[in-house]
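Peer 1: In order, the protein sequence lines correspond to chains A and B.
If you count the first sequence from 1, position 152 lands on 152 in my numbering, and the numbers rise without skipping.
If you count the second sequence from 1, position 294 lands on 294 in my numbering, and the numbers rise without skipping.
One copy or two, either will do: identical chains are not told apart, so a pair holds if it fits within one copy or between any two.
Subject to a maximum C-alpha distance of 30 Å in a straight line, what follows is the list of computed DSS-like cross-link-like pairs (lysine-lysine): (1) K56 to K105; (2) K185 to K212; (3) K185 to K294; (4) K212 to K294.
By construction, these hints were calculated from the structure, which means they are not laboratory data.
Here's the letter readout for the chains.
Number of protein chains: 2
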Amino acid sequence: MSLLVVGSVALDTVRTPFGMVEDALGGSAVFFAAAASTHTPAYVVGVIGDDFPRDKLAFLEERGVDLSGLVEEVGESFRWAGEYSYDLNSRETLETRLGVFADFKPVIPPAARQCPIVFLGNIHPQLQIDVLNQMDEPRLVAADTMNFWIEGERSALLDLLERVDLLMINDEEARQLAGVPNLLKAARWIQDRGPDHLVVKKGEHGSILFGKNDLFFLPGFPLEDVFDPTGAGDSFAGGFLGYLGSRDHWDEDTFRRAMVYGSVAGSFAVERFSIDRFRTLSREDVAERVRDFKRITTFEVELEHV
Amino acid sequence: MSLLVVGSVALDTVRTPFGMVEDALGGSAVFFAAAASTHTPAYVVGVIGDDFPRDKLAFLEERGVDLSGLVEEVGESFRWAGEYSYDLNSRETLETRLGVFADFKPVIPPAARQCPIVFLGNIHPQLQIDVLNQMDEPRLVAADTMNFWIEGERSALLDLLERVDLLMINDEEARQLAGVPNLLKAARWIQDRGPDHLVVKKGEHGSILFGKNDLFFLPGFPLEDVFDPTGAGDSFAGGFLGYLGSRDHWDEDTFRRAMVYGSVAGSFAVERFSIDRFRTLSREDVAERVRDFKRITTFEVELEHV
Numbered sequence: 001m002s003l004l005v006v007g008s009v010a011l012d013t014v015r016t017p018f019g020m021v022e023d024a025l026g027g028s029a030v031f032f033a034a035a036a037s038t039h040t041p042a043y044v045v046g047v048i049g050d051d052f053p054r055d056k057l058a059f060l061e062e063r064g065v066d067l068s069g070l071v072e073e074v075g076e077s078f079r080w081a082g083e084y085s086y087d088l089n090s091r092e093t094l095e096t097r098l099g100v101f102a103d104f105k106p107v108i109p110p111a112a113r114q115c116p117i118v119f120l121g122n123i124h125p126q127l128q129i130d131v132l133n134q135m136d137e138p139r140l141v142a143a144d145t146m147n148f149w150i151e152g153e154r155s156a157l158l159d160l161l162e163r164v165d166l167l168m169i170n171d172e173e174a175r176q177l178a179g180v181p182n183l184l185k186a187a188r189w190i191q192d193r194g195p196d197h198l199v200v201k202k203g204e205h206g207s208i209l210f211g212k213n214d215l216f217f218l219p220g221f222p223l224e225d226v227f228d229p230t231g232a233g234d235s236f237a238g239g240f241l242g243y244l245g246s247r248d249h250w251d252e253d254t255f256r257r258a259m260v261y262g263s264v265a266g267s268f269a270v271e272r273f274s275i276d277r278f279r280t281l282s283r284e285d286v287a288e289r290v291r292d293f294k295r296i297t298t299f300e301v302e303l304e305h306v
Numbered sequence: 001m002s003l004l005v006v007g008s009v010a011l012d013t014v015r016t017p018f019g020m021v022e023d024a025l026g027g028s029a030v031f032f033a034a035a036a037s038t039h040t041p042a043y044v045v046g047v048i049g050d051d052f053p054r055d056k057l058a059f060l061e062e063r064g065v066d067l068s069g070l071v072e073e074v075g076e077s078f079r080w081a082g083e084y085s086y087d088l089n090s091r092e093t094l095e096t097r098l099g100v101f102a103d104f105k106p107v108i109p110p111a112a113r114q115c116p117i118v119f120l121g122n123i124h125p126q127l128q129i130d131v132l133n134q135m136d137e138p139r140l141v142a143a144d145t146m147n148f149w150i151e152g153e154r155s156a157l158l159d160l161l162e163r164v165d166l167l168m169i170n171d172e173e174a175r176q177l178a179g180v181p182n183l184l185k186a187a188r189w190i191q192d193r194g195p196d197h198l199v200v201k202k203g204e205h206g207s208i209l210f211g212k213n214d215l216f217f218l219p220g221f222p223l224e225d226v227f228d229p230t231g232a233g234d235s236f237a238g239g240f241l242g243y244l245g246s247r248d249h250w251d252e253d254t255f256r257r258a259m260v261y262g263s264v265a266g267s268f269a270v271e272r273f274s275i276d277r278f279r280t281l282s283r284e285d286v287a288e289r290v291r292d293f294k295r296i297t298t299f300e301v302e303l304e305h306v
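Next up, chain A with everything else stripped away, as it sits in the complex (with noise of 0.2 Å):
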């Protein structure tokens, strides 16, 4: 099943820890798209300036990820830049230039139009219910957002929800944007106003599903070296979506299945810079981490409670 992802594509300057590297690539839809690659080939739209070294795309599209909605613009690519902290839990955003990104309007090629599943990376509200009015009918429309947003475009962001199936956010912004401290509270808030399914986002502390009848707590994935958590939460979306395009039925299961899947592509993309965990990953490897996640997460209750 098709994946269109709507997202920034930028070269990335990070530096951890553990290193440093300059002009990687990077933004939402990149590694959305990668992650998602394991299991579903992404359709890309975004933008990049005419100085954008193409070479550096090849890797997506031999995993068989669309870059025909790829469009160049005349001037400079979207550059970020960040520091994190000798334990990696805080960043310092050294530099933003946005470059060509700044007026991303997005349009979708006519080959793109009827993808069932869209994944809205984080820009203007208004800029993501503009692709979902480009779109025929999609089955599954995701959509992630930041503070920026929630504190500035807050109209647009209500609007965007009601139109929204499955909101993918961190703790803190579910918080900010229902204005309730306790998160079960907010969740309820946030599926109030639209969405059936709500992803939160707790970074190494886990993830929460929330659905319609249905609530799913999920670990971290444990790791002893973590090398860059630039696209972790992408990343997360790509596997969980990715791993919703390789399944027909999807029920409550399917999408517990699928935090499992988008949390294993957010702790390999970790483990290297950039997307280059995802270069050598095999349907094995990911096969095996959730294994790994099964085994670590499991209890058996006693039959005399049961």
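Chain A is already provided as a structure; the job is to place chain B on it using the hints.
Peer 2: Chain B in isolation, oriented as in the chain A frame:
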């Protein structure tokens, strides 16, 4: 299997966004014993002043808790007063009056020296060692500690660790004790110094069990209404060790279930002030929450990936 707990017996004055209590029953030994009592009655060793309202302890005795090791000294009882922030995520200590607890020298009565399970509540590590020196080869020694001892009594704490089978601390304490930001590495450092088992508590984010050859992640039990977080950690320990005390055979599955019972006990503790929720708590209430826990944490791996 009988259970010994050595720790504080206090009078707590607590203010939360939802109300306040004055001189309510508190202290690590009290929360521990109240939570454990659903499974196994505990033997409490502690100290109170001659101002302590003894009738407050009647409930524990009704639940089978043995208070013959609770010594009354001339002077004031240990009192603690604190206030929680609006989202309950931080608290300010308003007053600590140690009273007779300042000179607490635990003496284990002969009848309690053969308890197979010992919980050393958060007191000076040298006192924790003194307790162990009075015991007849317990089957399981569990201990709590805190940043104050990690910083100021490191040497005694490391001596203690060599004699502890199960350390139960929070994630910040684990990182601080090991001097390593990564939790998996911190856990290995701690386990190398003695404890076969380590439980790392992360509050609402759940808990992690590090066994000899086992690793188990449990999310926090989701609650819409947290009323008073005081005592959650000691209640966790009480539920955990109380459950172990109710089982003769222990394997890693038993320890995983103990995590669930510990977490469930902690979740009940915070639903009311003091130990009030335990007053009406039935085994069926516990069993129901264990089943709920199973329901919200389970996923099935697809056959092709098993």
